[in-house]
Amino acid sequence: MLTKRVIPCLDVHDGKVTRGVQFGRAEEGGLRNVGDPVELALRYNAQGADEMVFFDITASAHGRESMIGVIERTAAKCFMPLTVGGGIRTVEDMRAMLQAGADKISINSSAISTPELISQGAARFGSQCIVVSIDAKKTGLDFWEVHSHGGRKETGWDAVAWAVRAWELGAGEIVLNSIDADGTKTGFDCEITRRISESVGVPVVASGGAGKLEHLAEVLLAGKADAVLAASIFHFGEYTVSDAKRHLASHGIAVRPEQCVLQ
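In case it helps, our numbering puts the sequence shown at residues 20 to 282.
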């Protein structure tokens with residue numbers, strides 16, 4: 020049986036990990052500082068996280084370079100796979116991040132503006148390296164709209180249709196971010212997660228809304244996600260990754276054994 024993954028997410032703004040609600044922005048006072056990204060990554064590495072995701076949440080909006088230095092320092096100390104997104108616009112940007120120590124590259128706004136970037140990256144580095152992150156907001160009775168630039172821009176695109184196209188172009192994984200649920204701690208959007216999971220032939224990672232351990236189990240079972248991505252519940256000490264894995268296992272969900280990797 021394939022195991023389900025538990026993935027902490029580090030949203031990085033100006034070199035610090037932050038946390039907001041529904042894609043709140045720093046200029047609006049919508050972000051709360053959490054700490055140093057490398058220190059947090061080491062904490063989750065020790066707790067047995069299956070992977071770690073870094074998102075530079077301002078890179079696409081402000082044209083900043085991605086966090087090569089942060090990734091190099093993290094990769095030198097942590098042994099879990101690292102996914103990096105934010106401000107990656109070309110195949111050369113992907114190559115630079117992979118050389119810095121990333122295992123996967125996540126693209127979002129750049130994939131929307133240049134869909135062929137997905138197939139170019141897959142051809143160069145393999146589909147297993149290419150993750151397409153989708154920020155979706157429910158804007159109709161039965162419609163989730165794709166947004167770009169950190170949730171700032173509407174596209175008019177249907178989230179399910181875009182996920183299918185990204186998969187067909189060569190994406191090896193989809194990360195689905197619910198703008199409505201992000202940071203609210205009221206639970207994942209299981210409906211859109213299930214629809215995308217049933218429509219694509221690659222793993223789907225559910226993101227946005229984790230407030231308690233029951234939410235993780237719910238989206239893995241009802242939403243048919245392959246992995247759960249969470250931030251607030253781990254960052255502020257409410258639960259550890261080990262807590263999450265024990266809870267999932269108690270509900271019959273296969274997870275990788277807890278491991279503690281000490282440096």
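Please note that the accuracy of each hint is not assured.
Stated by the list, open to error - Taking lysine to aspartate or glutamate and the EDC-like style, the derived pairs with C-alpha atoms no more than 20 Å apart in a straight line are:
| id | residue 1 | residue 2 |
| --- | --- | --- |
| 1 | Lys96 | Asp69 |
| 2 | Lys96 | Asp161 |
| 3 | Lys231 | Glu187 |
| 4 | Lys96 | Glu58 |
| 5 | Lys204 | Glu135 |
| 6 | Lys35 | Glu91 |
| 7 | Lys243 | Glu257 |
| 8 | Lys157 | Glu70 |
To be verified - Each pair of labels, with its calculated beta carbon distance range:
| id | residue 1 | residue 2 | range |
| --- | --- | --- | --- |
| 9 | Ser132 | His270 | 39 to 45 Å |
| 10 | Ser261 | Leu160 | 16 to 22 Å |
| 11 | Gly175 | Val110 | 23 to 29 Å |
Hint data in this document are derived by calculation from the structure and do not stem from the laboratory. For each residue, glycine too, the CB sits at the ideal point set by N, CA and C.
Taking the hints in turn, this is what the structure says about them:
{"no.": "1", "hint": "Lys96 - Asp69", "in the structure": "holds, 15 Å"}
{"no.": "2", "hint": "Lys96 - Asp161", "in the structure": "violated, 45 Å"}
{"no.": "3", "hint": "Lys231 - Glu187", "in the structure": "violated, 34 Å"}
{"no.": "4", "hint": "Lys96 - Glu58", "in the structure": "holds, 10 Å"}
{"no.": "5", "hint": "Lys204 - Glu135", "in the structure": "violated, 35 Å"}
{"no.": "6", "hint": "Lys35 - Glu91", "in the structure": "holds, 16 Å"}
{"no.": "7", "hint": "Lys243 - Glu257", "in the structure": "violated, 25 Å"}
{"no.": "8", "hint": "Lys157 - Glu70", "in the structure": "violated, 28 Å"}
{"no.": "9", "hint": "Ser132 - His270: 39 to 45 Å", "in the structure": "holds, 40 Å"}
{"no.": "10", "hint": "Ser261 - Leu160: 16 to 22 Å", "in the structure": "violated, 40 Å"}
{"no.": "11", "hint": "Gly175 - Val110: 23 to 29 Å", "in the structure": "holds, 27 Å"}
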